[in-house]
Amino acid sequence: GQQLNQSPQSMFIQEGEDVSMNCTSSSIFNTWLWYKQDPGEGPVLLIALYKAGELTSNGRLTAQFGITRKDSFLNISASIPSDVGIYFCAGHETSGSRLTFGEGTQLTVNP
Amino acid sequence: SAVISQKPSRDICQRGTSLTIQCQVDSQVTMMFWYRQQPGQSLTLIATANQGSEATYESGFVIDKFPISRPNLTFSTLTVSNMSPEDSSIYLCSVMWGSKNIQYFGAGTRLSVL
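These protein sequence lines are chains W and V, in that order. Position one of the first sequence corresponds to residue 85 (this note's numbering), numbered consecutively onward. Position one of the second sequence corresponds to residue 320 (this note's numbering), numbered consecutively onward.
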C-alpha cells in the first residue's frame, strides 16, 4: 500500500531551538494530519490540513500542506522539554480512504 | 473531540491464551478502527469495526486471530487469540469523529506475551 516517507527519523536538539520535520508521498493526498505520541499514550492530533498550500498554526507548532499535495511539513519553534515524543504525519489519499501513517520522528529535547 | 476509553491499559499474558480489549466512546460514531503498533514502529491498521456486520480486515490480519465485535455505535472489542510473543504490541482503538472526519485515538493497550 501507499507509504509516507517521514524524515528525519530522530532529532536531538537543545531547548529553545526550532525543529522541522516533513513527510512526502508518491501520490496525491487530500488531507494531511500531524499527531504526537507521548510514552504510554495514544497519538494526539496536533494539526489537520485540508487544502493545498494551507498553512496552519497551533501555538508554537506550524504545519503546511504542500502545493503539490504530495508533502507536508511541521515546524516547532522554541522547543521545550515537554515537546519530547514521537511525531507522526498521516494522510488520506481520498475522502473516506484509510489513514496512512509515516514512520514517525522521535524528538529529544535536552534542557 | 470524542473521548475514547480503552481497557485494559496493559496486560501480561501467557502464550496460547486470548485477551479481549474494550473500546468505549462517549459519542456515537460511524467508523471505529483497530490498530497495532509494534515496538518502535508506526501504526498499522488491523481492521475497521463495522456496526452490525463483520469487520473489514486489512491484508495480513484474519478474523480467527483478531475477532472484532461492534454491537453498537459507541463500543467495540478486539480479541487477540492464541497469543504468541510476536503479538506483544500496543493495540489502539480509533474513531472517526466530527464534521471533518478526523481520527482520534485511545490511549492504547500495552500487551506483553510471555
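Calculated from the structure, these hints are not laboratory results. Here the structure is a predicted model, which is why all the values come from computation and not from measurement. Heads up, some of the hints might be wrong.
Below 27 angstroms or equal to it, Euclidean Cα-Cα: the simulated DSSO-like pairs (lysine-lysine) are [stated by the list, open to error]:
no. : chain 1 : residue 1 : chain 2 : residue 2
1   : V       : 384       : V       : 326
2   : W       : 154       : V       : 419
3   : W       : 135       : V       : 419
4   : W       : 135       : W       : 154
Hint check results:
| no. | hint | in the structure |
| --- | --- | --- |
| 1 | V:384 to V:326 | holds, 19 angstroms |
| 2 | W:154 to V:419 | holds, 20 angstroms |
| 3 | W:135 to V:419 | holds, 12 angstroms |
| 4 | W:135 to W:154 | holds, 12 angstroms |
The earlier numbered hints are all upheld by this structure, with none contradicted.
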